[in-house]
Structure formats: structure tokens, C-alpha cells
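Using the hints provided, position chain P relative to the given structure of chain R.
Note that the protein sequences, when read in sequence, are chains R and P.
Take the first sequence: its letter number 269 is residue 269 in UniProt numbering, and every next letter is one higher.
Take the second sequence: its letter number 420 is residue 420 in UniProt numbering, and every next letter is one higher.
Rather than coming from a laboratory, the hints here were simulated on the basis of the structure.
Just so it is clear, the structure is predicted and the values come from calculations on it, not from any experiment.
Quick reminder that beta carbons are idealized off the backbone N, C-alpha and C, glycines included.
Errors might be hidden in some of the hints.
Residues from chain P that keep clear of chain R, each with C-beta distances beyond 10 Å, as calculated [said to hold, decoys possible]:
#, residue
1, Glu122
2, Ala123
3, Ile210
4, Ala337
Cross-link-like lysine-lysine pairs, in silico, BS3-like; alpha carbons within 30 Å at most [as the list claims (entries may be wrong)]:
#, chain 1, residue 1, chain 2, residue 2
5, P, Lys339, R, Lys385
6, P, Lys37, P, Lys400
7, R, Lys512, P, Lys384
8, R, Lys56, R, Lys342
9, R, Lys446, R, Lys300
10, P, Lys339, P, Lys316
11, R, Lys342, R, Lys512
12, P, Lys165, R, Lys135
13, R, Lys512, R, Lys234
14, R, Lys33, R, Lys18
15, P, Lys400, R, Lys512
16, R, Lys135, R, Lys156
17, P, Lys147, P, Lys125
18, R, Lys62, R, Lys51
19, R, Lys33, R, Lys51
20, R, Lys20, R, Lys300
21, P, Lys147, P, Lys105
22, R, Lys512, P, Lys426
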Amino acid sequence: MMDEGTELSVTIAQIVQKLKGSNLHSQLERQAKECLQRPEIQLEDLKEDVKEFLKKSGWETKLQNAVYRELNVLPPPSHPEAPAEHIKEPLAYLRKAQGSWEKRILKSLNSMCTELSIPLARKRPVNEQKELLNKWNEMGTDEPDLSHFRPVYAPKDFLEVLINLRNPNYDSSDQPSSKSHWGLIQVPLKVKDIPELRESFAELGLNSGQLGIDDTTQVPADVFESEHAGIGRKVLIEQDSAAAEQYIRQGCPNELRAELWALILNATNEPEDILYYEQLKSGVLHHDLLVDNLIYKDVKLTASNDDYYFVFEDYLYQVLLCFSRDTVVLEHFNYNSATPPKSYIQGKLGLEDYAVVYPPNGVIPFHGFSMYVAPLCFLYNEPSKLYTVFREMYVRYFFRLHSISSFSSGIVSLCLQFESLLQTHLPQLFYHLREIGAQPLRIAFKWMVRAFSGYLATDQLLLLWDRVLGYNSLEILAVLAAAVFAFRAQNLMEVTSLAAAEAVLADLSTLKVMPLLQIFLFATIM
Amino acid sequence: MVAANRELLSPTMVHKGPGYGYQKKREGEPRSCIRFKCTLINTIQDVLRQRAGWVEVKDDSEWDFYWCDVGWLRENFDHIYMEEHVRICHFRNHYELTRKNLMVKNLKRYRKLLEREAGRQEAAKCDFFPRTFELPCEYHLFVEEFKRSPGSTWIMKPVARSQGKGIFLFRKLKDIMDWKKDGNRSEDQKDETQVESYVAQRYIENPYLIGGRKFDLRVYVLVTSYVPLKAWLYRDGFARFSLTRFSLSCIDDHYVHLTNVAVQKTAPDYDPEKGCKWQMQQLRRYLSARHGTQRVEELFRNIDGIFIRSLQSVQKVIINDKHCFELYGYDILLDQALKPWLIEVNASPSLTASSQEDYELKCRLLEDTLHIVDMEGRLTGKEKQIGGFDLMWNDGPVSKDDINLDALGSSTLTANTHLGYVNDRKTQLRQLLKSLSGQKKV
Numbered sequence: 001m002m003d004e005g006t007e008l009s010v011t012i013a014q015i016v017q018k019l020k021g022s023n024l025h026s027q028l029e030r031q032a033k034e035c036l037q038r039p040e041i042q043l044e045d046l047k048e049d050v051k052e053f054l055k056k057s058g059w060e061t062k063l064q065n066a067v068y069r070e071l072n073v074l075p076p077p078s079h080p081e082a083p084a085e086h087i088k089e090p091l092a093y094l095r096k097a098q099g100s101w102e103k104r105i106l107k108s109l110n111s112m113c114t115e116l117s118i119p120l121a122r123k124r125p126v127n128e129q130k131e132l133l134n135k136w137n138e139m140g141t142d143e144p145d146l147s148h149f150r151p152v153y154a155p156k157d158f159l160e161v162l163i164n165l166r167n168p169n170y171d172s173s174d175q176p177s178s179k180s181h182w183g184l185i186q187v188p189l190k191v192k193d194i195p196e197l198r199e200s201f202a203e204l205g206l207n208s209g210q211l212g213i214d215d216t217t218q219v220p221a222d223v224f225e226s227e228h229a230g231i232g233r234k235v236l237i238e239q240d241s242a243a244a245e246q247y248i249r250q251g252c253p254n255e256l257r258a259e260l261w262a263l264i265l266n267a268t269n270e271p272e273d274i275l276y277y278e279q280l281k282s283g284v285l286h287h288d289l290l291v292d293n294l295i296y297k298d299v300k301l302t303a304s305n306d307d308y309y310f311v312f313e314d315y316l317y318q319v320l321l322c323f324s325r326d327t328v329v330l331e332h333f334n335y336n337s338a339t340p341p342k343s344y345i346q347g348k349l350g351l352e353d354y355a356v357v358y359p360p361n362g363v364i365p366f367h368g369f370s371m372y373v374a375p376l377c378f379l380y381n382e383p384s385k386l387y388t389v390f391r392e393m394y395v396r397y398f399f400r401l402h403s404i405s406s407f408s409s410g411i412v413s414l415c416l417q418f419e420s421l422l423q424t425h426l427p428q429l430f431y432h433l434r435e436i437g438a439q440p441l442r443i444a445f446k447w448m449v450r451a452f453s454g455y456l457a458t459d460q461l462l463l464l465w466d467r468v469l470g471y472n473s474l475e476i477l478a479v480l481a482a483a484v485f486a487f488r489a490q491n492l493m494e495v496t497s498l499a500a501a502e503a504v505l506a507d508l509s510t511l512k513v514m515p516l517l518q519i520f521l522f523a524t525i526m
Numbered sequence: 001m002v003a004a005n006r007e008l009l010s011p012t013m014v015h016k017g018p019g020y021g022y023q024k025k026r027e028g029e030p031r032s033c034i035r036f037k038c039t040l041i042n043t044i045q046d047v048l049r050q051r052a053g054w055v056e057v058k059d060d061s062e063w064d065f066y067w068c069d070v071g072w073l074r075e076n077f078d079h080i081y082m083e084e085h086v087r088i089c090h091f092r093n094h095y096e097l098t099r100k101n102l103m104v105k106n107l108k109r110y111r112k113l114l115e116r117e118a119g120r121q122e123a124a125k126c127d128f129f130p131r132t133f134e135l136p137c138e139y140h141l142f143v144e145e146f147k148r149s150p151g152s153t154w155i156m157k158p159v160a161r162s163q164g165k166g167i168f169l170f171r172k173l174k175d176i177m178d179w180k181k182d183g184n185r186s187e188d189q190k191d192e193t194q195v196e197s198y199v200a201q202r203y204i205e206n207p208y209l210i211g212g213r214k215f216d217l218r219v220y221v222l223v224t225s226y227v228p229l230k231a232w233l234y235r236d237g238f239a240r241f242s243l244t245r246f247s248l249s250c251i252d253d254h255y256v257h258l259t260n261v262a263v264q265k266t267a268p269d270y271d272p273e274k275g276c277k278w279q280m281q282q283l284r285r286y287l288s289a290r291h292g293t294q295r296v297e298e299l300f301r302n303i304d305g306i307f308i309r310s311l312q313s314v315q316k317v318i319i320n321d322k323h324c325f326e327l328y329g330y331d332i333l334l335d336q337a338l339k340p341w342l343i344e345v346n347a348s349p350s351l352t353a354s355s356q357e358d359y360e361l362k363c364r365l366l367e368d369t370l371h372i373v374d375m376e377g378r379l380t381g382k383e384k385q386i387g388g389f390d391l392m393w394n395d396g397p398v399s400k401d402d403i404n405l406d407a408l409g410s411s412t413l414t415a416n417t418h419l420g421y422v423n424d425r426k427t428q429l430r431q432l433l434k435s436l437s438g439q440k441k442v
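The shape of chain P in the complex, shown without the other chains:
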């Protein structure tokens, strides 16, 4: 499939804009090659290497595009100079959205703002994250809430780790004594290093189950700019199932409660060939068969709302930079009332494939990401769909229909999102390229 795309994407297409810099060339000519750097050894490397006209550079060579890891970014971003055309795959302070304690803080603040400016109803639309407290600094607030709901289950997550590491469930305060602020620690203990920052979050005890199993959704959102906010939603995604039947009675069973593939992979009966994922399309069909199209459409509209509001909540905090784009992996959980909950946002969603099908999904996703980043300078900027990505927000809601927004009230428009719908990217890309080449100036 990637091979087929080669012909579609040869860089000898229309070029727009000023010269690209280092490799001096005449005005109006397409860039002869795009130098990329990539430190991850998985699907993204394959996709970059197979892209026509893109050349890999290593070590200290100059690059036009860097798929870096967040560690490198943290250490180097502030010290490098990037020419106008250069692109990098993270925002400087993405962690405002992706670190659990910061995300919660930003969301809470945004919610307050909305309540002041637009009223309670509007603010209530931000109630898609379970009650969360950062420990140890919010320990006392947490205890108040904890006491208000006796018998409830809570989940402790380390702020900065991923892949399900360090997560556990608890019902008794004594299980989290270590995070007690100014706790009764002995003199010896006080010399020890500070306890790691965690968040305590109300565990969703009534998750939607399929076949008796809990699952969560992984959805991909691409942000190319925060100011103005421009975000794209990928049609494909998947539901990750827990390997065992859900039951609240056994909260020590790590494998039941965490659906992260990384955790499931260590479960004793994990069969790597089996995979425990459903494609988003399959999930959508299943839910529609069970609950009818209307309810499911409402569910997906609410899921769209999660993306938009979470991004809006960090819009003013994130350092916007035209060189940056970021592909987020959103983890969403559904409860039995078909209400979606935001569990987490990942700035570096796993690009390692767990199966052939998964590999193909990630290839499509990354290819289309690169189309949108558009190093080749082919797009007009007016596109609403590129491959499997639909433009979800462009400094305002984007509607499916091409109607003048002033003419109608925004509530009657349908959003331009197709999560779980057919991904017609091949046809779409072919048509797009045809229309772009048709605009080529002679």
C-alpha cells in the first residue's frame, strides 16, 4: 500500500511559497529532497523511509523534519534554530495536556472560566474527566472527596509514566499512606527522596462492557496549530479489550482493569497472535446495532467535545510555534450510560504495531499525518479532509456541509468528523492530488 502511494506523492508537483532554505534553489521549483531524522525504530521509521523524495539523515546533519522523542525535545528545543520550513513533531510544553496532573489543572481552570463566561450548562460539558486530585499536594482535598463517597474505588496513576506502569487501585486510605502530605514519617524517612507525584482519580465502576469485558478507545487527533487552533481527527482507531471478564471484586487483578496493550502483553494468557482490539468501525457498528444510530451519533458528538474542550483548555498555555505539530493518542472510556470519559492524552502514542492489521493502521495514520504537515507544499490550506483525517476544528467548528456559517445557527450544522466511519483515504487522496495538480500554474 505504501508503494502505491509513491506514485501519488512524487514531489514533482506544484510548489508554493518561498524558497526552502539550505539547499538553495530557484524560485518556484519544488524542493529536491526533504531531509528527515527519526530516532524511533518502529512504524514511523518505515513510513518516513518509504516516502518519495525524503532522505534520512543521522547524527548532527541538518534536517528539515524530525520525528523526535520528548526527551530530546526537552533538552534541545530551546537551543536550536529552526528555519521557517522546518517541522518537528512535538510542541515545547505539550505536557500541559499530556501529564495527568497538569491536564486536570488546566481543565479545571477552563471549566471555571466557562462557568463565569457562559454559564453552568456550558461548563458542565467539561465534565468528562473523573474527579482527580494530585498527590501529595492536594491530599487533604482528596480525603474530603474520598470521605464523601464511602466504598468507592479510586485509581492511582503516576503522573509521568506510561504503558500502565505504576498504576493500582485502592479503596482504603491506608493503601496510599505514602502520599499523605506531611505524613507521620519518621526522621529517617524524611531524608529519603520525595515521593513520586501521582494523581488519584475516581475509578469508573460501571464501564460499558462487551462480552463481559472492559475496553477503552484509542483515538488519534493531530494538532497543527494552537493559535489559531487547528485540529484533525482520524477516522480509524481501535477499542482495546481487557483479556479477562470485568469484576469489581478483584481490584488486585491488574490485567482486568487496565486495558493498555502494554499491560495486557504481560498477562499470563496473552497470545500475541490473537490481539485484543476491535477496529473503531466494528465498535461503531456494534454500538449502533445495540443502541440505534441516534444514540451512537450523540455519543460520538460528545467524544468530539472531549477533544475540542481539552485542546481549548490548554490553548493559551501551550507555546505555539509554527514549526510544531503533534499527533495525540486520546484514551477514552465509555460507561454503561454511553457517556464518554477522558482517561488520558498521549503525546507519543505507541507506534509499535501489535499485529499486521495494526501495522497497516499506523502506516495509514502516519502517512496521512505527513500529508497534512505538507513538507512538499502541495496543499491549498482549504482542505477539510486529507486521507483518513477530517478537519475537526479550524479556529471554530468545521461543518460537513459547505454552507456559509453566517447563514445558519451553528447548532444545526453537522460536524465534519467521521470517527469509526469508512476510511476512504485512497480514493480521497487520488482525487485530492488530481485537483491539486489541476491547479498547477503553467
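Looking at chain R on its own, in the form it has when it is part of the complex:
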């Protein structure tokens, strides 16, 4: 086992490697060179003086934020000899399952391609490019014939795969007992119980102020709200990501949210970012991809039918079409158990030299994918800013919701966590639902896969995502799912079918997220 010191130096080396050659690096170099003109820089203490200057002018903070960003996404430390695939996913059987799932998806995509005789990618003729450019701001008005396209998969298909996961080394031949797991997920991953969750989510405790609870009209603003907002403004002035992440655990005031999220995600909107977005846009204009149709279909089926997000339809195309072509997204596959699908140039099947990642960003959208973007349209309306924030949210969090891994924020762990919480704290309810053929996960799964987007009212969703960012973890989704069941337990005890249970839980739009979470975590009698 490595000692802490070696672990740290490996991490530092990794981060330095990552940041070298980045935009920030060149900016720092330029700043350092330019500051040599300044009077306070003396030759005797050149190094110290330059450092001091960079600190005072806010560049050190920017560097800190970049480092912090890398730390946030870095996988847990592992053995230096561990191969790359182990870093993506240490457990072999899960790697295998992810691999087979990917094969299935790709097969489905390819067969759709063959059925409809549409190439996976095709260059657009010039007049078509011009036309698309003209209607770039209103692609929603287009009515392409999407009837032949179907989503490659829906969350419930993915659920079936997860249900069938089995650890070959795990002997589950014991007779089912009260100790055995009642739920659908049958893999032995470690998940937190309520005492551990209370520790992890300490800032949500009953004695701390919360936005989403202590900012209602009955509570005077000076009890918590005004002070918290003041601290938020200070954090923004300091531009410190780590401080922002800590701050947002208690929620974020409406007006500060757009900036604070961008700060936490270290999502900048510099000219380089805008230029990059424009490049992606021209990529969309030049080539038509099969997945574009999947995106159109998904937006039309989900976001356009939503009572609140329908307004943002055009933005969704502008983000998702560019997203599909963004090869920067490929970097996240280093720590994602998934592997980007490969396609081969016509006629060169199997020849690695002719393999391309398809789609270019390696992510095949599924039914409901556009709902990851929709809530962000509430906060950002410049396309490049919206894009950068979404991309960062995806490579930090959302990808975990549709890939098979053992990571604590991965969907498998979230499902298991949800079921364990329910079994431990609402055993009567769980048993009853099982008996009537309404396994709770069958209802809660779609909420978690979408991170509750489209199920909660927008303001509640944003308060929830505040905490996802603040704790850098998706575990709160599992806790909320369990809390919702706890809240509606009485009604659920009276139902006698899966359909009736679904009906009780069909409408979450009136729920207040923070009180539910607080009560479930901190007021549950154990």
C-alpha cells in the first residue's frame, strides 16, 4: 500500500500534468511576464515578488479553483500499477456488464441506421448549411419527420440491466431472511446508512439555517436569509470555488445562483470558451449526425411537453447538438466506467486505424437526456455560458446516472442506497409494496436517473442541485427518493397495485425538498 506522501505526490503530478498546456497555464505565464514591468517586482526577490503579485491580482485563486476542480473529478487514489481500466471501474464484473450494455446500445443504434438507410454521419451540402444557420435560433420551429426514430433506450431498459447484475464471487445461496435485501439490486456495494449520512450531510441538520426552509415568508429575513445572502456575495467577490462549494450546502439565493454554480464548476466564459462554442456550432452546420435526430426526438418528447421548459426548446438544441460534437468530453471517460462507442469508416470494419468515436463526444443520448439541460436554461441564456456549465455538470455528475459502476455516486449505488434506506426505516411499507408487485425502485428509478429534473418544481430542483454541487455527490438523490416515499407512506400503504402506487407518486410538483430531506435524515427515529 502506498503511504499518504506518495499518494499525494502522484495526485499532484497528475494535476500538474493536466493543467500544463491549459489555457490557464498560458494566461499565468503571460501575467507573470507582464508583471515584470511593475515597480514592486524587484530582481533580488523575483520569484517571491511575482508570486505575491499573482496572489494579489486574483490569479492564485484562479489557479486554486482549477486545482480544486481537478481534485473534485479525480478518481480515488489507487495503486500506481493499476491499469487504466481499473481506474475507470475496479470491479471486473461491473466492467463486464457495462461493456455488454454498451454493445447492446451500439447494436441498436446501428440497426436503426441500417433500417432507415441513414448514415451515422454525413456532410451537409452548402445550401443546407446556410439554411440551418438561418434558423439556428429557432430550430424548434422545424418539424422534421421523426416518426421512424426511436430513442435508443429508456431508463426502464437500463433498470432491467441493473436488476440482473450479479457478483460471481458473492454467494447468495443462503435462504432469504430478514437480513437479505428485499429490493431489486442484488450487488453487495457499500452504501451509507442514516448515521453516516447525517455525518456527511451535517450542514443540513436541524440547527443550521437552510434556503428552502428558512427563507419562507413566515420566517423574518434577518434570521438567516439576509446574512446568508451577504456571505454569498462575499464568496463571489473572492472568487473561491472551494468556499463556494462549502457555502452552497445551505442553499443558494436565487440571484446569486448562476454565478455561484459557474464558480463552483469553474466554468468560465472567456473569449476562448466562446470561440470554442462557435467552432462546435460550425461542426453542427457542416455535418449531420444520426444522433441529432435522437436529440430532436428527445426534446420534442420530453422538454417541449413540460409546462415550464417548453419555452427553452431552442436553447436545448443549441446545447445538445454542440455537445455531441465536443471531443473535450472524451476526457471524462478516464474516470467513467463507460467507454465511448467506436464506429468504423465504411468498408473498414474492424480496422482500428479506421475507427472513430461515435458520436464524437462518446455519449449516446437516451430518452429524457435533454432534461439534464432544461433546468439550466433558467439560469443562463448566453448559449456558450449555458453550454459550458452543462458540459461541466455532465462530466462531473450526470454521466454517473447512466453508467454501471461501483462509485458511491453511481446509479447502482444510489439504487441500492435508496432500497436500503427504505428497508431499514420503512420496512412495513417496503414489504407491503413488494407484496403487491410494486417494487419501490421501479417508481423511484426514473427520478434518480434524471436527477429529479422534470419531476420537482423548478425552484425546488435548483435547491436540490445546490446540494449536489455543495457535497460533490449524487447521494442526496437517493435520500430524497426515500424521503418522498416516507412522506407519502400513509397513502402508499393503502394501495393494492403497482399502477395505484405510481398514481400516488405521479405528481411531485408540490413537494418541498429541504424539509423532506431534513426530516428524513435528522428527525427519523432509529
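Structure of chain P alone, referenced to chain R:
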């Protein structure tokens, strides 16, 4: 939800005031039933039919309450005798506020008055309607203004029609030749019937857009008396979105520029299930997230100002009648500087529901309207909130806080309006009823 209200509103509650007339009964006893008449077949009919103790009457039977249409009112109001307790849902000459040409005339006159009496700054607070001219009678004035702003876009609206009918945009004078006063019409044409009265209004070219789309706000204001002026503002309302992205380049596209649901419904890609509305609460949250609470509070204060000043401008003109109340639908447009503009006031806002959510909103609105009209005689008259309605003006501004107005300068008080805030009507009505029954004389 309406069923739940039944228990809250049974008429066996405290009764105040003298006997109600036709159905003779003993002093101090509540009216056994309230006879209502309603010719509209939509939400209001449902709400009236479900109200405890209210009975529908038809044809020529006597009634205590009539939700009539404006046509009936115009023909019959002057000929009927109404007993003291009777209520009807329109004022005799509401059109002073709701017909576009008359509203503009009244507002302009009021503005002049304010300028004389209170100065320019005060008068400027009436600048919430775009430059408007009635055609053909103000044609020449219009042309002067038109020439002063070359390239501007104008919108023509028929004075008396609704639901977006007959509206069009124009940029060239030749498009409105028909409304030219004493125009070069041939002898044959002069025999034709007079051209319909229109108003030409400066089109707001920089509307506030969300998702690239234009929208307007529908807000509900209930007036129970003009002299003294008593007006209530409903917390719920909605933003109506145009189905397509806003662009000035295509002024022929009816669907972009008009956000009236009635017009949108005929657009080729209209999906009735979809709906194109946001609840007011959603809009308020969105704007607060974008612009901060302070700016949004200022915006809503300015919107309050539109209601008050428009009502004040017709206060002396409207024939006040204690039998009358009126529920107005105000259409407000926001521009990019977050300035609100008054587009129109409707005396008969659409009560047909476009979706389940819309139906529920209109039910709440109408139930609370009936609570305020208070045929059951339960209220004390001192209430500042009834259901989702907040008392906005009671012969003077109404403040949120219960402070003696003489003690403080009025500028430091917060107005008692909550447009786009949480509508806590259920809790509020329960508490109100409890307190009213607590005052019941034994």
C-alpha cells in the same frame, strides 16, 4: 377542491344586515338560498353551481345574482329594478376602461389633470401606455407622430373586438389608407358603411423575451366600487407565450406578435395539450433569478401603479352602482428594460380553461370573487385578504402592515399586493371563517 370549500362556506353562518327581500324571512336569519343566473357555459357556471346554498334560476325568474354578458347588460341594465342585495358582474359603462379608444382618452385626460395638479413627475407615472391614436378621427395627429419616428412599427387594433381578431401590424402609411379621414374615396365608396373604429398604437419593438419568445401577462383585478375606489388584486395570473421566436423581420406572422391564447390556438403547430403559459409564480421566480429581488419588486410595484392609475382615470366617468362589481383581466407587456406597459383591460376575461391547471386557477379566482362579493353577508368589511385576493386600494393605498397611516409617510409603507407570490388561499379562508364564526352573536 371546490368540494372541500363546501363545508367552509355553508350559509348557516353569521348573518348581518337587514332582510334580503323577496324571500321574506325573520330578521337575523341567514338567507336560505341565493338565486343565480348565468348565461356563460364555462368555469363560472361550474363554480356557481357548486357553491353551497346557491340555486340556479333560468329565463325570466327573479334572481339575486347574475353573471351576465356585456350585451345583455347594455340592453337591459337601464330598465331593470334591482333590490339592494342584488349583485351583477358588470358596471354599466365599463367600456370607458375596456374599449381601447376610450381608455386611452380617459388616461390622457387624467394624465393632463395630474400634470396640472401634481407636476410632471407624477404625470409621468401614467406613461405606461404606448402612443395611441383613434382612427379615423385622430388620423392627422397620428400621421404627425408617425412621421416623427420613421421606421417604427405600429399595431392596429379594432376598438371593440377581442381575442386578437382584426389586429395587424404595419410600417407604411399606405397599409392603413382605409382609415384616412376624408380620404380620396370615390363617390361609390362613400356610400359604403363607415369604416370600423380602430386604434393605432406604437408597437413595442423591444419586448422582454424568455427563450427567445415574446409573452404578455394576464392579471386579474376585482373592483367592487368606484366611488370610493375599492380594488382587489389576485395573486395568481399567468404569462402567455407566443409559440414562435420573436423577430421583427416578419410582421405578417400573426402568431409571433400576438400572444392571445385565442390566436395561438389557431396557429398550425398549436398543441392544446401543451399549453403555452407560465404561472405568475414561475415568472416571478425566473425574473428574480435573472435580475435580483429588488428590481423585480420595483417592476411589480410599477405594475400595481398601472392598475391604480387606470382605475383612477375612469373613476369619475364610470357610473358607480352598489349592485355592480367587475372582474377585469389586465394584459401587461414587459419590455427589455423591465418596464411594464398596459396593453388592454378586459371586462369579460376569458373564463374558458385551456388546460386542467388553467381550470383550477379560474375556479379559485371565481370562488374568491364570490367570497368578496359576499352574498352570504359574512364579512366584516375590514378584511385585507380574502382567499387569493389582496386588497390593493381602499379609497387610498392599502399597506401590508397594520400601521396607523398618519404616523408614517406613505412612501415608507409596503403595498398590500402579492402578485406572483404563494397563494395561500385555503389556509387563509379557513382562518378567516374561523374568526368570522367566532364573532357570531349568540
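How the hints compare with the structure:
| no. | hint | result |
| --- | --- | --- |
| 1 | Glu122 | holds (31 Å) |
| 2 | Ala123 | holds (33 Å) |
| 3 | Ile210 | violated (5 Å) |
| 4 | Ala337 | holds (16 Å) |
| 5 | P:Lys339 to R:Lys385 | holds (26 Å) |
| 6 | P:Lys37 to P:Lys400 | violated (36 Å) |
| 7 | R:Lys512 to P:Lys384 | holds (28 Å) |
| 8 | R:Lys56 to R:Lys342 | violated (47 Å) |
| 9 | R:Lys446 to R:Lys300 | holds (18 Å) |
| 10 | P:Lys339 to P:Lys316 | holds (28 Å) |
| 11 | R:Lys342 to R:Lys512 | violated (43 Å) |
| 12 | P:Lys165 to R:Lys135 | holds (29 Å) |
| 13 | R:Lys512 to R:Lys234 | holds (28 Å) |
| 14 | R:Lys33 to R:Lys18 | holds (22 Å) |
| 15 | P:Lys400 to R:Lys512 | holds (26 Å) |
| 16 | R:Lys135 to R:Lys156 | violated (35 Å) |
| 17 | P:Lys147 to P:Lys125 | holds (26 Å) |
| 18 | R:Lys62 to R:Lys51 | holds (13 Å) |
| 19 | R:Lys33 to R:Lys51 | holds (12 Å) |
| 20 | R:Lys20 to R:Lys300 | violated (42 Å) |
| 21 | P:Lys147 to P:Lys105 | holds (22 Å) |
| 22 | R:Lys512 to P:Lys426 | holds (18 Å) |
Consistency with the previously given hints fails for numbers 3, 6, 8, 11, 16, 20, ordered from lowest to highest.
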